[in-house]
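A.B. asks: Sequence:
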Amino acid sequence: MISTKYFDHTILNADAKEADVKKICDEAKKYDFASVCVNSYYTGFVANELKDTDVKVCTVVGFPLGQSTTEVKAFETKKAIEAGATEIDMVINVGALKDKKYDFVREDIKALKDVCGKGIVLKVIIETCLLTDEEKVVACKLSKEAGADFVKTSTGFSKAGAKACDVKIMRETVGDDMGVKASGGIHSEEEALSMIEAGASRLGTSATLAIIGEK
Numbered sequence: 001m002i003s004t005k006y007f008d009h010t011i012l013n014a015d016a017k018e019a020d021v022k023k024i025c026d027e028a029k030k031y032d033f034a035s036v037c038v039n040s041y042y043t044g045f046v047a048n049e050l051k052d053t054d055v056k057v058c059t060v061v062g063f064p065l066g067q068s069t070t071e072v073k074a075f076e077t078k079k080a081i082e083a084g085a086t087e088i089d090m091v092i093n094v095g096a097l098k099d100k101k102y103d104f105v106r107e108d109i110k111a112l113k114d115v116c117g118k119g120i121v122l123k124v125i126i127e128t129c130l131l132t133d134e135e136k137v138v139a140c141k142l143s144k145e146a147g148a149d150f151v152k153t154s155t156g157f158s159k160a161g162a163k164a165c166d167v168k169i170m171r172e173t174v175g176d177d178m179g180v181k182a183s184g185g186i187h188s189e190e191e192a193l194s195m196i197e198a199g200a201s202r203l204g205t206s207a208t209l210a211i212i213g214e215k
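Every letter in the sequence shown is one number past the one before it in UniProt numbering, and letter 152, counting from 1, is 152.
Just so you know, the hints here were simulated from the structure itself, not pulled from any lab data.
A hint or two may mislead.
Stated by the list, open to error - Restricting the straight-line Cα-Cα distance to at most 27 Å, the calculated cross-link-like pairs of lysine-lysine (DSSO-like) are: (1) K118 x K5; (2) K215 x K30; (3) K79 x K118; (4) K51 x K29; (5) K101 x K23; (6) K22 x K79; (7) K56 x K110; (8) K78 x K141; (9) K159 x K101; (10) K78 x K56; (11) K5 x K29; (12) K100 x K163; (13) K144 x K17; (14) K30 x K100; (15) K100 x K110; (16) K79 x K100; (17) K141 x K163; (18) K56 x K101; (19) K101 x K141; (20) K30 x K5; (21) K5 x K168; (22) K79 x K23.
As the list claims (entries may be wrong) - Per label pair, the in silico range of CB-to-CB distance: (23) T69 x K141: 37 to 45 Å; (24) D133 x G185: 34 to 42 Å; (25) N13 x V72: 18 to 26 Å; (26) G95 x K141: 28 to 36 Å; (27) K17 x K215: 18 to 26 Å.
Virtual Cβ for every residue (Gly too), placed ideally from N, Cα, C.
Put together the whole structure using the sequences plus the hints.
C.D. replies: Structural data, given as structure tokens:
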């Protein structure tokens with residue numbers, strides 16, 4: 001059985017109601033998942049629901065397109081942390097990466113890590129389905145240079161989600177010093193195990209209960 005601490009129990013759909021988010025929090029506490037991952041509107045609510053537990057509060061930033069300005073992303077990060085977030089999942093500016101504006105992409109990530117400091121985990125969503133293999137390597141290297149803690153495959157809101165082959169590229173690029181999060185389209189234990197075997201250290205999914213055999 002997969003350790004429940006692999007999972008960021010996720011609810012990011014636009015029509016998620018407070019009762020839906022509370023249900024996710026209750027499940028995360030029951031099964032001791034790594035985190036609950038939400039949009040920033042619910043950060044404070046989730047932080048209150050998860051107080052006195054070791055389940056982390058994960059908030060997405062610049063989500064799902066990544067093309068907010070750096071200043072907006074940094075402000076969103078600051079407000080999420082103030083509301084109780086202990087992990088931030090940011091989306092890179094994919095267009096800037098494709099334009100080879102590597103200094104901008106690096107500084108975009110670094111600006112958020114500067115807000116996070118050492119105490120808040122920063123995960124960088126590179127949106128693998130939109131990148132060539134070469135671009136995936138570059139995105140991972142820039143994330144590492146910027147001081148991020150994780151690289152992450154996908155938002156789950158683009159053309160495709162996580163693939164084990166992409167996780168393998170990401171792990172080989174960042175080495176053992178960073179985390180690799182696979183997310184998007186992981187619905188079964190078999191799929192989850194393939195991501196872990198490829199090098200994932202965290203899994204983001206809304207199908208967590210089904211994966212661990214509780215639904």
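A.B. asks: For K30 and K5, compute the direct alpha-carbon distance and say whether it is at most 27 Å.
C.D. replies: Between K30 and K5 the Cα gap is close to 12 Å, so the pair holds against 27 Å.
A.B. asks: Between the beta carbons of K17 and K215, is the distance compatible with 18 to 26 Å?
C.D. replies: Since the Cβ atoms of K17 and K215 sit about 19 Å apart, the hinted range of 18 to 26 Å holds.
A.B. asks: Hinted pair, alpha-carbon criterion (27 Å max): K118, K5. Please report holds or violated.
C.D. replies: holds (21 Å)
A.B. asks: Given the hint that K5 pairs with K168, does the C-alpha gap stay at or below 27 Å?
C.D. replies: holds (20 Å)
A.B. asks: Between K56 and K101, does the CA-CA distance stay at or below 27 Å?
C.D. replies: violated (33 Å)
A.B. asks: Given the hinted pair K22 and K79, is their alpha-carbon gap at most 27 Å?
C.D. replies: holds (21 Å)
A.B. asks: Within 27 Å, alpha carbon to alpha carbon, are K56 and K110?
C.D. replies: Roughly 22 Å between the alpha carbons, so the hint for K56 and K110 holds.
A.B. asks: Is the distance from the Cβ of T69 to the Cβ of K141 consistent with 37 to 45 Å?
C.D. replies: violated (23 Å)
A.B. asks: Just to be careful, I want the Cα atoms of K100 and K110 compared with a cutoff of 27 Å; is the pair within it?
C.D. replies: Given that 27 Å is the threshold and the Cα spacing comes to 17 Å, the pair holds.
A.B. asks: Is it true that the CA of K100 sits at most 27 Å from the CA of K163?
C.D. replies: holds (24 Å)
A.B. asks: Between the alpha carbons of K79 and K118, is the straight-line distance 27 Å or under?
C.D. replies: Holds, because 17 Å separates the two Cα atoms, which is no more than 27 Å.
A.B. asks: Given the proposed pairing of K79 with K100, does the C-alpha separation stay at or below 27 Å?
C.D. replies: Distance ~30 Å between K79 and K100 Cα, so the pair is violated.
In summary, the numbered hints that this structure violates are 5, 13, 14, 16, 18, 23, 24 and 26.
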